[in-house]
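K.L.:
Based on the provided sequences and hints, a complete structural model is requested.
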Amino acid sequence: MRRHAGVGAIQKQRLQQEKYREKGSEIQENQFQQMSKQLEVFRENLEEFATKHKNEIKKNAQFRRQFQEMCAAIGVDPLASGKGFWSVLGIGDFYYEIGVQIVEVCLATNYKNGGLITLEELRTRLIAARGKAKIHQEITNEDLLVAVKKLRIFGNGFTVVPMGKGKWLVQSVPGELNLDQTLVLQKASGLGTAWVSISILIDDLGWTETRAQNALNHMVKEGLAWVDTQDTKETLYWFPSMFSECVAA
Amino acid sequence: MDRFEYIEARLFEGENYLKRDKNVKIYDGDDKTHFTDGEVVLTTHRILWGKPGDIPKGLVCLSLHLYYVFCIEEESGGVFGLGGPKRILLHLGPALPGKRPGPAVVSPFHFVKFSFKDGIDQVFYKALTDAVAAKAWERPATISSPTSVTSSNASSKPTVTPVNSKIRSGIVGIERSIEEQHRATDQSISVAFQDLKKLMEKAKDMVAISKNISTKIRDKQGDISEDDTVRFKAYLMSLGIDDPVTRDAFRSDSDYYLGLSQQISDMMVAVLMDCGGIMSLADVWCRVNRARGLELISPEDLLNACKLLQTIGAPMTLRKFPSGACVLQLNSQRDEEVAKTTCELLEENGYLTPVKLSQIANVSVLLARERLFTTERLGMACRDESIEGLAFYPNLFLREAS
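Top line first, the protein sequences correspond to chains A and B.
Sequential numbering from 296 applies to the first sequence in my numbering.
Sequential numbering from 238 applies to the second sequence in my numbering.
Keep in mind the hints are simulated off the structure, nothing from the lab.
Hints may be right or wrong, so weigh each one.
Unchecked claim - Restricting the straight-line Cα-Cα distance to at most 25 Å, the calculated cross-link-like pairs of lysine to any residue (SDA-like) are:
1. K557/B to N451/A
2. K453/B to E335/A
3. K314/A to E416/B
4. K429/A to N260/B
5. K457/B to L334/A
6. K332/A to I446/B
7. K354/B to L296/B
Since we're looking at a predicted model, the values are computed, not measured.
P.N.:
This is the structure in structure tokens:
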């Protein structure tokens, strides 16, 4: 076999490899698109089956498991009942389903909102995750409130706080499990100032104003923080527990 | 247009799915029709046209038998034919008697056009010409009429598509075989989802396919969805319970709650260990129900079952905070254990305030304070309440006295 030599051969080889690579990524891209299409088909079909054949699916234990596996793989919610006749009376699975989905949305988002979410956002997210079908769009804020009410027997770990003007705030993390105060303290000691303000929490930790205000109010109530209104711009919150450290530093 | 039939989108015996495309408009000869923005599916025997989503669901769609087709042309769109060919022109033979009813009884034209909004996919065009050339309908046993499906005997093997018979090599070969795989998958999906019975029969395959698809997509783009909630949902559901306890299976409520309690305990142990040994009951309820799938339990049932956790000797208990919030707690979080670990932390640090403990143990300030109170109550810490706040020191009486 003739050996290629010289700059031309090297360049030719490089060109060839380049072409192969291009082709490879093209094939991959193609395959990916096909897969995405199949995913869509799957999703549509599963959503439809979940709505239409719920009871039949429930009856067959083995199939129920398989159906669940498919839904898990594709990311389809098998809980997709509409608001039926019975749900008006508070019977039936509809409100339980919504309840499960509400808690789920809260859990999925609490890493960034600390367990506080407005009812509006909750509804948007819940509907988006439920699917595209029309019956899902018809879920109202009132439905959500009814569903949350059913969680009341768990004590006040999961509560809805009215904000006035038909606005609601859903709090999904009970005070005992809320790490926000710890984060505030970490921030204050990190700054070495022994105080923080709401704007610092908003800017540095990326919190919403409600979240910051809530955490600080709690700390004032618990006696962990002192309020200082002397600053011209905004209220400062001092932490007496840090005074000695800061003075010593 | 008079060659088309209305028929439910199902494959005949021996008929194979080949290719699909979307955004397709049909022209009757040169005239526009109201069949726009549809989906076409090419099989070895027919071309099906339906509104998007109708064909996978097996609803009624338009069908054109390929045996009518005797010539295929590509036609360029646009005035100057820019942007490549957009239409496929099919010259058709005369309508055969005994045809099912279609959208038109007579038509002056002997050709139809399929207009592809996004241009003609060359793979589709190739598959079409191949299918027409292969004349799969002329093979024995299976005739392309649904009435003959029942009469077709065992000799009717699935028709071999032209692509299959070729020997493959090189990049084109690889591409072909990938294409073929997709086609096979597409087909099995559309067959399986025709109705619930079919899906149940094919459930095992479909589970495999769905997992395969989602793994591939995860590899490529990280996850199946951008949506936090959808991702979390998929994760929760994947931790399924095989055989959820239901009320019907038990004679009395108390038996039912005992069974439920056992199942909750089995399921939650690992979860609780992962997340610090404590979880609010609302979270537990959500997770348990997700794992159960369609067999939801009510909050009341969960609460009742959790009350029995101690009775069955589960490694966790239900606990109510003074604030009223209910949580499920691992027994390693029980008072004695808490006191022991807190005591060790006291020794290490010299003294502890709730704030300091909350930072060390990464728990909330409220919980940290409670842990210190517990430790104090069991005699393992001493309180120092001063103007500077509340602090706790190790109980030296315990150590020094002995």
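K.L.:
A separate judgement is required for each hint: does it hold in the structure or not?
P.N.:
Against the structure, the hints:
1. In summary, the hint linking K557/B to N451/A is supported, as the alpha carbons are separated by about 10 Å, within the 25 Å threshold.
2. The straight-line distance between the Cα atoms of K453/B and E335/A is roughly 14 Å, inside the 25 Å bound, and the hint therefore holds.
3. About 21 Å separates the Cα atoms of K314/A and E416/B, which keeps this hinted pair within 25 Å; it holds.
4. As the CA atoms of K429/A and N260/B are separated by approximately 23 Å, the hinted pair is consistent with the 25 Å bound.
5. For the hint pairing K457/B with L334/A, the CA-to-CA distance comes to about 13 Å; that is within 25 Å, so the pair holds.
6. Only pairs whose Cα atoms come within 25 Å are accepted, and K332/A paired with I446/B is accepted, the gap being roughly 13 Å.
7. For the suggested pair K354/B and L296/B, the alpha carbons sit about 23 Å apart, so the restraint of at most 25 Å is met.
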